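Colleague: Listed in order, the protein sequences are those of chains C and U. Taking our numbering, the leading residue of the first sequence gets 85, the next gets one more, and so forth. Taking our numbering, the leading residue of the second sequence gets 86, the next gets one more, and so forth.
Everything labelled a hint here was simulated from the structure, so no lab data went into it. In this text, all values refer to a predicted model and were calculated from it rather than measured experimentally. Incorrect hints may appear among the rest.
[Stated by the list, open to error] Chain U is nowhere near these chain C residues, computed Cβ spacing over 10 Å in every case:
| # | residue |
| --- | --- |
| 1 | Ser149 |
| 2 | Pro155 |
| 3 | Phe166 |
| 4 | Thr168 |
| 5 | Gly194 |
| 6 | Ala199 |
| 7 | Leu207 |
| 8 | Gly231 |
| 9 | Ala232 |
| 10 | His233 |
| 11 | Thr234 |
| 12 | Thr264 |
| 13 | Thr266 |
| 14 | Leu272 |
| 15 | Pro275 |
[Claimed, not checked] Cβ-to-Cβ under 10 Å is the rule here; a few derived chain U residues that face chain C:
| # | residue |
| --- | --- |
| 16 | Pro228 |
| 17 | Ala302 |
| 18 | Glu310 |
| 19 | Val313 |
| 20 | Thr321 |
| 21 | Phe325 |
| 22 | Asn326 |
| 23 | Ala330 |
| 24 | Gln331 |
| 25 | Glu338 |
| 26 | Leu354 |
| 27 | Lys355 |
| 28 | Asp358 |
| 29 | Val361 |
| 30 | Arg377 |
For glycine and all other residues, C-beta sits at the position ideal for the given N, C-alpha and C.
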Amino acid sequence: MNRKGKAVCALLLVQLLAWGVFVPTADAGGLKRLSAQFRRFAGDVDITTAGPSTTPGAGGIQVYSKSFTIPAPKAGQQAVVFITMTGTAEQFAGTFVEFSCTVDSSFCNGGGNAAGTAGWVTLMTDLEGSVQVYGVQYTWCAKVSSGAHTATVRMASTNGTNGVFLHNAHFFIDRTELKTSTADDCELGAP
Amino acid sequence: MLERGASVRKPSAGLLVIGWLALGTGGWAQELPVAPTGELKPGTAAAPAPPAAPKPVITCKDKRLTARAKDSQLESLLEEIALACGVPVILGGEVGDERVSVEINDFPVDEALRQILSRYDAFYLYEAADEPRAGAEPASAAPKLRSVWVYARGQGSGLEPVPPEDWASTREFEKKLDDPDPEVRFRALGILIERLGNGARDAVLQALNDPDERVRAEVLQAAVEEGVELPADLLTNLFFNDPSAQVRFLALEGLRDDPKAREFAERALKDSDQHVQNLAREILAALDEATRPRPPASSGSPAQGPLTRPK
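Sequences and hints are given; from them, build the entire structure.
Modeller: Next up, the structure:
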């Protein structure tokens, strides 16, 4: 290659440095697990008769809390956390066990619940029997800013009278960064 | 040359700037356009390489390409077009040794390249068009072709563009540690921590004295997540004295296994930040749990009343 050609190629390479390159997509949108913990594995249980509340962080009892920090997302990206609860729940006939998730002072998802209270989820069917024991599992997503946060999971009894229980539970917190949008970064989906 | 540690990282599929390095074992003749003025038409496939092919004639004016080449190596042809038109063309993998013939007369360079490269996977980067001037037709502001990446058929699938921080050299990021922009500093150090792990420890220690609290917080977070070994007295100092709540939080998290963890957590209960207090409660609860006698397996629920556990 002559001198002129090399000079132009060098210029083109500088431009490429500014533009980036193409690489495999395998790492796009990767999850980072912040925490994996379990509760009530010593034959003990969380128990409550308290009813739910539409106020975030109130109603029922707190069955889990975990503080974590989120780094500043890259430009155009939104930090999203996933709070997963899985365990064994029990409820008496006549009530439903409900769970809610909050990050700081907001519900992870404050939307309505056809079978219970807004901001809470109902995970078990009432079979009108005295013994109702189910494996339950749920994952919430929530947008978060950079910095420190505290996630909590609460459990309540729909009728505020009969007991509900949780034991042998695992909790996981994961984070990722998704492109800021109105569609994919923990937003309402289409049917 | 484009090697590990140089300015451009070579991705798994292979990536070469035209004219810098030749790869590929192809020898097939590509069917290429033969074009009268202003249009492209399919032409005749070239025969295997003759002893001395004439040098291609390539000119580019106002992003319109005129090219005449017979039995030219594809890499050389694209290099000439790239130089004439100012559009970088990057060959990835085993692309470039094929021999081609082409006759293009005054045709938009992007359309000409699409024809020439019709048998390849290719990415075309167009720069956003300028805002049209007042009174001008919207169509007068057209996007400009800025670069083309070329791969063999099927090799472009599963690739996506990435920003410079994902492939630039470690040395480049080290230069950014003194950048006046705090975000540039902590982004650069975050990448160094990810790449070097404990090897970035000295830079981490220096950054934890950065006057910008975002830099201290982001660097401490990355260091803790990547397992960079930080001295306990440094974490203790940050926990007691740093004005950033996020830094104090991370320092306390880093001291969770310290012999004085309970003492630190009890002090943190009085911290001005709610999350630091919450973390302190979690640490104390965990310490209490670790020392609490285990109850018998059957003693979990009350004996009677509405809280009686179903059996």
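Colleague: Okay, which hints does this one fail, numbers in order?
Modeller: 1, 2, 8, 9, 10, 11, 16, 19, 20, 21, 22, 26, 27
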